[in-house]
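Student: Protein sequences, first through last, are from chains A and B. End of the first sequence sits at 273 in my numbering; the numbers just go up one at a time, nothing left out. End of the second sequence sits at 1273 in my numbering; the numbers just go up one at a time, nothing left out.
Hint data in this document are derived by calculation from the structure and do not stem from the laboratory. Among the clues, some could well be false.
[Unchecked claim] The list that follows gives simulated cross-link-like pairs (lysine-lysine, DSS-like), each with its CA atoms no further than 25 angstroms apart:
{"hint": "1", "chain 1": "A", "residue 1": "Lys-21", "chain 2": "B", "residue 2": "Lys-1042"}
{"hint": "2", "chain 1": "A", "residue 1": "Lys-107", "chain 2": "B", "residue 2": "Lys-1021"}
{"hint": "3", "chain 1": "A", "residue 1": "Lys-50", "chain 2": "B", "residue 2": "Lys-1228"}
{"hint": "4", "chain 1": "B", "residue 1": "Lys-1021", "chain 2": "B", "residue 2": "Lys-1195"}
Owing to the predicted nature of the structure, the values given are computational and were not obtained by experimental measurement.
Residues per chain are reported as follows:
2 protein chains.
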Amino acid sequence: MKRLFVIKIGGNVIDHSQALKRFLSDIAAITEQKIIVHGGGKIATNMSAKLGIETRMVDGRRITDANTLQVVTMVYGGLINKTIVAGLQALGCNALGMTGADAGIIKAHKREHPTLDYGFVGDIDHVETAPLRLLLDHGITPVIAPLTSTATNDSTTVGATMLNTNADTMASMLASALAAEYAGYEVGLLYCFEKQGVLAAIDDEASVIPRITFQEYQILKERGVIAKGMLPKMENAFAALRQGVSSVRICHSEQIIEATQDMTTVGSCLSLE
Amino acid sequence: MKRLFVIKIGGNVIDHSQALKRFLSDIAAITEQKIIVHGGGKIATNMSAKLGIETRMVDGRRITDANTLQVVTMVYGGLINKTIVAGLQALGCNALGMTGADAGIIKAHKREHPTLDYGFVGDIDHVETAPLRLLLDHGITPVIAPLTSTATNDSTTVGATMLNTNADTMASMLASALAAEYAGYEVGLLYCFEKQGVLAAIDDEASVIPRITFQEYQILKERGVIAKGMLPKMENAFAALRQGVSSVRICHSEQIIEATQDMTTVGSCLSLE
């Protein structure tokens, strides 16, 4: 069966030019169809600081007021997205940068929360796979920034507003939608970042947990072995498996090629049972 | 014969939310295939100022050092491009934002000048029409930011750098390439901005010159009637006509629908003879 990979790359990798170079040349070497989803929070935080805009995070999520929305639209949709696209193009990989708004691939709504105003933060309602398939079938690699949009009646905008959207969730939902609708393909989801995988001891890169079932995850979470920012990533990962994604791997950005070639010996491999 | 329009929209229109709203709803109402090319220099200048980056212009062209390149990549490729895309999507127009780097649609090189270093400014070598046709043929409207890229050996970048590229020239070269390769289509080029057309008296909006041949343009240029920023626009316009573009119109952004329906009574219509 043919394989398609959704590859999420974290902001810490993007922020280091040598790590990014390695990542891009590895991506360009993957012969299967692939979709890249990138973060970039740290760069957005730096740009906000330069512009005198305070960054407020709650449980790892950025509170996105109008000024912050402008920053993330510029940094994610412009700076980071085009750096990745131009880098891949120079390596012969026909990349095309997008946000969830472009070609209407992701429909979202502004998050509503009973006690907290996240501001311009989007939760995903629906992924439209047809434009992605059109691109993939013509040898084009979509590179997707963590932004969506929603129609709005706000008189100060132009009929729509962009929404800041979590990149891990976006990767999970893209992989799930493609798994459901992409007949004849196995969809693999890779979360790539600056660590070797899910670690049993946070400071010990050798403590990678090679296989984690959902049941084991519950135990590791209770024990506090898996905690903080890794929790939503794990939830997103298991959600993708429940939606029909064939394999989910959390691994180092330098292990992408091995992870796509052999899904068992690199990083942490997640399964439902 | 079927028609395809390349529509350049100037930065002053983008900068005014009411004018932009009107422009977007007009674009969404055009039933023919269309490609939008946008500017945004004024917004880039404002963002540069906020970041403490000095803006240097020579003959209306922005000197683009590394910091300025970062700003235009953010502002053109991110902020403005996604504002237009999200706005069109909310109006039911299936827009997809791109730069010249995306899907490899425009190949450029860094400008070399005997006495002046423009910095990261790109001159266009080639337009690859196949990805644009793929999108257009599937009902997708490309929205193109005035940025290109080139491969580089610079060790500080990731194998490529973005290049700041003139939007008028980009629109002209896109229209020319499409006219040459898009069999069965008439390609029209529209330059839309905040004035009624090419004016005989710069402060009199009623002084629109309705038809201008290349010969008449030479005379108007000698007399100083057409001057400054209008000169490169005119050169780009006549270049497109020489390359087989069927019609070129310079008009107000509020006249787009009339201009696409009837190419003779709105704004300034250019012809080679």
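Student: Each hint: holds or not?
Tutor: To see whether the hints hold, each was checked on the structure:
| no. | hint | result |
| --- | --- | --- |
| 1 | A/Lys-21 with B/Lys-1042 | violated (33 angstroms) |
| 2 | A/Lys-107 with B/Lys-1021 | holds (21 angstroms) |
| 3 | A/Lys-50 with B/Lys-1228 | violated (35 angstroms) |
| 4 | B/Lys-1021 with B/Lys-1195 | holds (17 angstroms) |
When each numbered hint is compared with the structure, violations occur for hints 1 and 3.
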